[in-house]
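Enquirer: Residues per chain are reported as follows:
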Amino acid sequence: MKTTILEKDGNITAILEGRLDTATAPETEKAMKPIYDSEGKDIILDCAGLEYISSAGLRIFLCILQKAQGKGQEVYIKNMTDNVRAVFAMTGFSNIFKFK
Amino acid sequence: MKEIIQYIRRKLSVRVSLWVVLFAAIIFILALGFLFYQAREAVRQEAISRATQILDKTSLRVEGILNRVEVASDMTKWLALRHPDQADSMFVYSRSMLQNNPDFYNCSIAFEPDHFKERGRYFSAYTKHIGDSLRTIQGGSDNYQYFFMDWYLMPQLLDKPCWTEPYMDNDVSTNTSEMVTSYCQALKDKTGKFIGVINTSLSITWLSQTISETKPYPHSYSIMIGRGGTYFVHPDSTKITRQTIFTQTIEHPDTALIALGRAMQRGEEGIKRMNLDGTPSYVFYKPLGKTGCSMAIVCPESDIFGGFDRLRHAVMTIVVVGLLLMLYLFIRIITRELSPLHRLAKEAENIASGQFDAELPDFQRIDEIGQLTQSFAGMQQSLVKYIKELKDTTAQKASIERDIHIASGIQMGMLPENFPTKEDRDDVQLFASLTPAKDVGGDLFDFYFRDDKLFFCIGDVSGKGVPASLFMAVTRAVFRTVSFHESMPDRIMTSINMTMGEMNKTHMFVTLFVGVLDLPTGHLHYCNAGHDAPLLVGNEIHELQCDSNIPVGFMPSWKYTLQETLIPQGTTIFLFTDGLTEAMNINYEQFQMERVNEVAARALAQQQLEPKQIISMMTDAVHQFVGDAEQSDDLTMMAIQYMQPQNGAKRIQSITLDNDTQEVPQLNNFVNEICKSAGLDEISSSQITVAIEEAVVNTMSYAYPVGTHGSVKIEVTATKESIEFTITDSGIPFDPTAQEEADTTLPANKRRIGGLGIHIVRQVMDSIHYERMGNSNVLTLKKQI
Numbered sequence: 007m008k009t010t011i012l013e014k015d016g017n018i019t020a021i022l023e024g025r026l027d028t029a030t031a032p033e034t035e036k037a038m039k040p041i042y043d044s045e046g047k048d049i050i051l052d053c054a055g056l057e058y059i060s061s062a063g064l065r066i067f068l069c070i071l072q073k074a075q076g077k078g079q080e081v082y083i084k085n086m087t088d089n090v091r092a093v094f095a096m097t098g099f100s101n102i103f104k105f106k
Numbered sequence: 015m016k017e018i019i020q021y022i023r024r025k026l027s028v029r030v031s032l033w034v035v036l037f038a039a040i041i042f043i044l045a046l047g048f049l050f051y052q053a054r055e056a057v058r059q060e061a062i063s064r065a066t067q068i069l070d071k072t073s074l075r076v077e078g079i080l081n082r083v084e085v086a087s088d089m090t091k092w093l094a095l096r097h098p099d100q101a102d103s104m105f106v107y108s109r110s111m112l113q114n115n116p117d118f119y120n121c122s123i124a125f126e127p128d129h130f131k132e133r134g135r136y137f138s139a140y141t142k143h144i145g146d147s148l149r150t151i152q153g154g155s156d157n158y159q160y161f162f163m164d165w166y167l168m169p170q171l172l173d174k175p176c177w178t179e180p181y182m183d184n185d186v187s188t189n190t191s192e193m194v195t196s197y198c199q200a201l202k203d204k205t206g207k208f209i210g211v212i213n214t215s216l217s218i219t220w221l222s223q224t225i226s227e228t229k230p231y232p233h234s235y236s237i238m239i240g241r242g243g244t245y246f247v248h249p250d251s252t253k254i255t256r257q258t259i260f261t262q263t264i265e266h267p268d269t270a271l272i273a274l275g276r277a278m279q280r281g282e283e284g285i286k287r288m289n290l291d292g293t294p295s296y297v298f299y300k301p302l303g304k305t306g307c308s309m310a311i312v313c314p315e316s317d318i319f320g321g322f323d324r325l326r327h328a329v330m331t332i333v334v335v336g337l338l339l340m341l342y343l344f345i346r347i348i349t350r351e352l353s354p355l356h357r358l359a360k361e362a363e364n365i366a367s368g369q370f371d372a373e374l375p376d377f378q379r380i381d382e383i384g385q386l387t388q389s390f391a392g393m394q395q396s397l398v399k400y401i402k403e404l405k406d407t408t409a410q411k412a413s414i415e416r417d418i419h420i421a422s423g424i425q426m427g428m429l430p431e432n433f434p435t436k437e438d439r440d441d442v443q444l445f446a447s448l449t450p451a452k453d454v455g456g457d458l459f460d461f462y463f464r465d466d467k468l469f470f471c472i473g474d475v476s477g478k479g480v481p482a483s484l485f486m487a488v489t490r491a492v493f494r495t496v497s498f499h500e501s502m503p504d505r506i507m508t509s510i511n512m513t514m515g516e517m518n519k520t521h522m523f524v525t526l527f528v529g530v531l532d533l534p535t536g537h538l539h540y541c542n543a544g545h546d547a548p549l550l551v552g553n554e555i556h557e558l559q560c561d562s563n564i565p566v567g568f569m570p571s572w573k574y575t576l577q578e579t580l581i582p583q584g585t586t587i588f589l590f591t592d593g594l595t596e597a598m599n600i601n602y603e604q605f606q607m608e609r610v611n612e613v614a615a616r617a618l619a620q621q622q623l624e625p626k627q628i629i630s631m632m633t634d635a636v637h638q639f640v641g642d643a644e645q646s647d648d649l650t651m652m653a654i655q656y657m658q659p660q661n662g663a664k665r666i667q668s669i670t671l672d673n674d675t676q677e678v679p680q681l682n683n684f685v686n687e688i689c690k691s692a693g694l695d696e697i698s699s700s701q702i703t704v705a706i707e708e709a710v711v712n713t714m715s716y717a718y719p720v721g722t723h724g725s726v727k728i729e730v731t732a733t734k735e736s737i738e739f740t741i742t743d744s745g746i747p748f749d750p751t752a753q754e755e756a757d758t759t760l761p762a763n764k765r766r767i768g769g770l771g772i773h774i775v776r777q778v779m780d781s782i783h784y785e786r787m788g789n790s791n792v793l794t795l796k797k798q799i
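Going down the list, the protein sequences come from chains L and W.
So the mapping is simple: the numbering used here equals the position in the first sequence, first residue as 1, plus 6.
So the mapping is simple: the numbering used here equals the position in the second sequence, first residue as 1, plus 14.
FYI, nobody ran anything at the bench for these hints, they're computed from the structure.
Treat the hints with caution; some may be incorrect.
Partial pick of chain L residues on the chain W-facing surface, computed with a CB cut under 10 Å [claimed, not checked]: (1) 65; (2) 71; (3) 92; (4) 98.
All values derive from a computational prediction rather than experimental measurement.
Quick reminder that beta carbons are idealized off the backbone N, C-alpha and C, glycines included.
Please construct the entire structure, taking both the sequences and the accompanying hints into account.
Expert: Here it is as structure tokens:
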């Protein structure tokens with residue numbers, strides 16, 4: 007699992023690659039610290055390379071969203087794979103996130 | 015005779031003694047011979063001088079007597095001629111003659127017939143000893159006409175005094191006769207006319223006695239012969255005057271006796287050695303003055319040399335007895351001196367027969383035998399020591415060999431024996447063979463099935479024998495341990511390398527090939543640590559491409575690379591160690607890869623791709639090539655033929671994980687592949703994977719409180735219609751179906767963090783069922799295809 011944080015055009019972007027499962031979730035959460043700490047910027051989660059996600063990954067996504075909403079930031083999800091989309095659909099996450 | 019020679023050859027004591035005695039005997043013979051010769055010569059000379067002396071003495075004595083007779087006769091003649099006419103005076107003269115010479119036999123002064131007219135025709139004043147007295151008579155008579163007698167005629171005829179031949183003197187008055195010899199001297203008156211004869215006689219018997227009086231030897235005797243050879247003196251009185259010295263030669267010719275007789279007759283003096291009457295004797299002879307007689311002393315040799323011979327016999331007897339005694343003593347002494355050798359020989363036999371503790375006799379000697387005994391004792395001790403060492407060494411060696419044999423058994427026992435065949439499995443069959451060069455070898459192979467995967471490895475430890483076998487055993491054990499938790503060959507290899515490298519103080523290494531064949535898909539993951547690349551024999555023959563990784567054990571930090579390939583159905587993976595390619599024949603040529611390829615090609619051509627067939631062909635080819643040469647290295651081969659499983663069959667696979675979320679990728683991999691091989695699409699597979707992850711992570715988190723360890727087993731049963739997962743753990747009772755479900759309709763700020771997992775499980779799976787069985791939680795999830 008690889009996590010890359012980019013800041014450009016006034017947005018902060020996290021590029022997620024690999025499989026986000028229970029095993030890789032803790033390191034991903036750590037890598038997301040700049041996202042948690044960011045203020046006043048829109049958050050973009052680029053999931054083009056995310057092959058797999060389980061509830062542990064969903065939990066990180068939910069945390070980011072809840073924190074961002076508290077600080078008035080917007081969270082967008084970009085380039086979802088079919089596998090991840092299916093899980094989002096299953097869990098109702100498709101309804102709470104905004105997609106680009 | 016043969017036995018005696020054998021006995022002598024066998025007995026050193028007898029032999030040595032015989033030699034010594036033989037030399038002694040030779041020396042004795044030479045010395046004694048010389049001594050005897052000299053002594054005998056001395057004795058002979060002594061005898062000669064003695065006999066000669068006696069002969070001379072006797073001769074002198076005889077001559078003295080004869081001279082006395084002659085002087086007395088002369089005296090009487092002178093007296094008689096002073097008064098030739100006084101007849102009575104003649105009696106006086108005759109008588110006084112014998113009075114003065116008692117040893118004379120008789121004396122007569124005889125006159126010519128009618129010389130004294132008054133006395134008649136006959137007058138002979140005759141005096142003779144009668145006992146101690148003398149008798150003087152007138153001896154002539156008619157019966158005894160003395161003037162016809164030799165003694166009367168001879169001096170008259172010869173015209174000189176002479177000695178007569180012995181003759182018998184008869185005494186008429188006493189009627190006795192005596193052999194006498196007479197000295198006769200003619201009486202002539204002043205005119206020179208012959209008037210009578212003075213006759214003085216000596217008794218032959220007396221003379222003989224006188225002559226024989228002195229005997230040099232007890233058995234010696236004297237003889238005397240007259241001019242004609244007649245015996246006058248002889249021990250045999252019958253011969254006297256009756257026989258001559260030649261008489262007996264008429265009957266028995268005896269040249270020596272004749273020569274003696276002649277010599278004596280000639281009046282010679284000398285010594286002769288001859289046989290007389292059969293007795294070897296020395297004869298010493300000498301003439302007796304004027305008498306014309308010759309006397310001889312006969313000394314039997316036995317008398318002369320009697321003493322000497324007795325001495326000689328005594329000495330010879332002493333020498334012979336002495337030599338025999340010496341021989342006996344020598345034999346006894348040498349036997350006694352050598353008797354320790356005899357015992358030593360016996361003890362040596364005992365030792366030779368294996369009784370090394372046989373006690374050697376202590377002879378308390380410091381000579382060569384003592385030294386020999388000591389050397390012997392030393393040798394015995396050394397023997398005992400060496401034999402003991404040899405025994406120990408042999409025992410140790412036997413023990414080591416036994417151990418190695420057992421070790422070989424253990425090592426072979428470690429290797430899997432039950433090879434899956436067509437009958438056992440429809441997806442794969444496998445066969446392997448390992449032939450160590452020594453009892454124990456450094457090659458290894460292993461395989462086992464886990465989670466629908468075939469885990470296998472083949473390796474070759476550097477070196478051979480016991481060290482290699484130990485390393486091999488460790489490698490194989492580590493492979494089992496590591497691969498039980500690890501499914502990826504690179505990680506298995508890295509773990510093995512780390513473990514082996516850390517404890518490898520002897521700098522051994524092992525080339526190892528580890529493969530994991532996913533049986534449902536034919537997907538092979540593999541990692542090669544410096545081992546020979548396996549051959550893939552399917553539609554074509556090619557080597558499996560392998561990255562260059564260093565052998566295991568060198569560098570614990572080495573990161574091994576993973577490779578993968580798809581094994582087509584019916585293809586056989588042929589793995590081997592360098593014992594195959596480097597198998598050597600007598601000419602030190604190697605089997606080499608070309609030949610391996612040739613055999614593989616032949617197997618392919620003949621469609622002999624079943625593991626047992628291909629290994630059998632390869633084994634035959636190697637044996638044929640190597641011939642009688644000794645196997646130089648361990649030879650190991652393993653062949654795996656992959657066959658696609660038939661659809662529809664029920665297949666059960668399982669995986670067991672620790673209660674560690676880091677195991678999740680492995681779980682996901684396992685589930686994903688099962689789903690794919692069951693024919694599910696990418697999205698469905700992924701959804702099921704997520705669902706199983708959620709269920710397993712739930713179990714890990716809740717059945718095992720924080721800090722406790724345990725495992726979770728996931729069994730999958732796939733059929734054409736459905737796929738069923740059974741998750742079993744031995745933690746505290748936990749029923750996930752009783753968990754509150756997340757409300758997915760809430761907005762983000764109202765959503766709770768938990769509860770999503772079980773929701774996903776419910777969403778994905780068609781059925782979910784929990785059961786507490788004994789100490790286990792059993793959760794069954796099913797998905798229709």
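Enquirer: Now tell me, hint by hint, if it's right for this structure.
Expert: Verification of the supplied hints:
A least Cβ separation of about 5 Å between residue 65 (chain L) and chain W falls short of the 10 Å threshold, and the interface hint therefore holds. With a least beta-carbon distance of about 5 Å to chain W, the hint placing residue 71 (chain L) at the interface is held under the 10 Å criterion. The interface hint given for residue 92 (chain L) holds, since its Cβ lies 5 Å from the closest Cβ of chain W, which is under the 10 Å cut-off. Using the Cβ-Cβ criterion of 10 Å, the hint placing residue 98 (chain L) at the interface with chain W is satisfied: the shortest such distance is roughly 3 Å.
Consistency with the previously given hints is maintained throughout, with no hint failing.
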